[in-house]
Amino acid sequence: MTFSLVARCEETGMLGTAVASSSPAVAARCSYTRSNVGAVSSQNVTDPTLGILTLNLLEKGLTAIEAINHIKTNTNYLDYRQILIIDSKGQTAIHSGSNSLGIWSDAKGKNVLSAGNLLANSEVPKAIVENYQNSSGNLGDRLIASLQGGLEAGGEAGPIHSAGMKISDKVSWPIIDLRCDWSEDSPINKLSEAWNVYKPQVNDYLQRALDPTKSPSYGVSGDK
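Mapped onto our numbering, the consecutive letters of the sequence shown carry residue numbers 1123 to 1346.
Don't read these hints as lab results, they were simulated from the structure.
It should be emphasised that the depicted structure is a prediction, and the values quoted were computed from it without experimental measurement.
Any given hint could turn out to be false.
[To be verified] No farther apart than 20 Å at their CA atoms in a straight line, the calculated lysine to any residue pairs in the SDA-like style are these:
#1 K1292 x L1328
#2 K1232 x Q1255
#3 K1248 x Q1213
#4 K1292 x K1336
#5 K1230 x K1248
[What the hints assert, rightly or not] DEER-style ranges, computed between Cβ atoms:
#6 N1198 x T1335: 47 to 53 Å
#7 S1339 x E1245: 45 to 51 Å
#8 Y1199 x P1338: 47 to 53 Å
#9 N1325 x G1231: 26 to 32 Å
#10 D1303 x G1224: 21 to 27 Å
#11 Y1199 x T1335: 48 to 54 Å
Here a beta-carbon is modelled for each residue, glycine too, at the ideal position from N, C-alpha and C.
Given the sequences, and given the hints that come with them, work out the whole structure.
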């Protein structure tokens, strides 16, 4: 019921993931990133602990492939799970269990990996990867363009109701964590709208966290 991608920006080292699904609040369960460590999408019959576990393994020095092999030998019910991993060097790894729902497939390129389940057709992840590779600019722009490309290629077998994007860079928390948890219309478009509002302010909010004495004013009452 989900298609997603994990990616690394070759220029900045930013790590991110974007996801869309017919289920509500998909990004709350499926998306995980950690600066200078990696990005993970844990989906299908989702086990959210796999995202944190995978990032911890990467942080200990395992590559994406080593991490997926560790998970395969130390985790139960993996035949129900899809796990996408990219590490800080851009290496990727994936596991799709035999009980992945409906049509499921994956595709990878340089610094990007995509997969999905209950897809309209098996070419959706390939379209996502191609859109990522053919896009430019901020990693957020590229992730959303990739989701839109997947939707245009057919998307899920049913309607999309939620979407999200998470990006990490330099600090311990995700600098971008945007979601549309439910929409009867187009959650990917709503995610894009939220990104267009947030994008010019990302660095300002980061500055407020790191050193509020140097942060800009937004002209609200009490803000000097």
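Against the structure, the hints come out as follows:
Taking the CA atoms of K1292 and L1328, the gap is near 10 Å; set against the 20 Å cutoff, the hint holds. Straight-line distance between C-alpha atoms of K1232 and Q1255 comes to about 8 Å, which keeps the hinted pair within the 20 Å bound. Among the hinted pairs, K1248 with Q1213 is consistent with the structure: their alpha-carbon atoms are about 18 Å apart, no more than 20 Å. As the CA atoms of K1292 and K1336 are separated by approximately 18 Å, the hinted pair is consistent with the 20 Å bound.
For the given pair, K1230 sits about 7 Å from K1248 by alpha-carbon distance, which is consistent with the 20 Å threshold. Judged by the Cβ atoms, the range 47 to 53 Å given for N1198 and T1335 holds: they are separated by roughly 50 Å. Between S1339 and E1245 the Cβ separation comes to about 49 Å, which falls inside the hinted range of 45 to 51 Å. For Y1199 paired with P1338, a C-beta distance near 48 Å keeps the hint of 47 to 53 Å intact.
Between N1325 and G1231 the Cβ separation comes to about 28 Å, which falls inside the hinted range of 26 to 32 Å. A C-beta distance of roughly 23 Å is found between D1303 and G1224, which places it inside the suggested range of 21 to 27 Å. As the Cβ distance of Y1199 to T1335 is approximately 50 Å, the hint placing it in 48 to 54 Å holds.
Violated hints: none; the structure is consistent with every hint.
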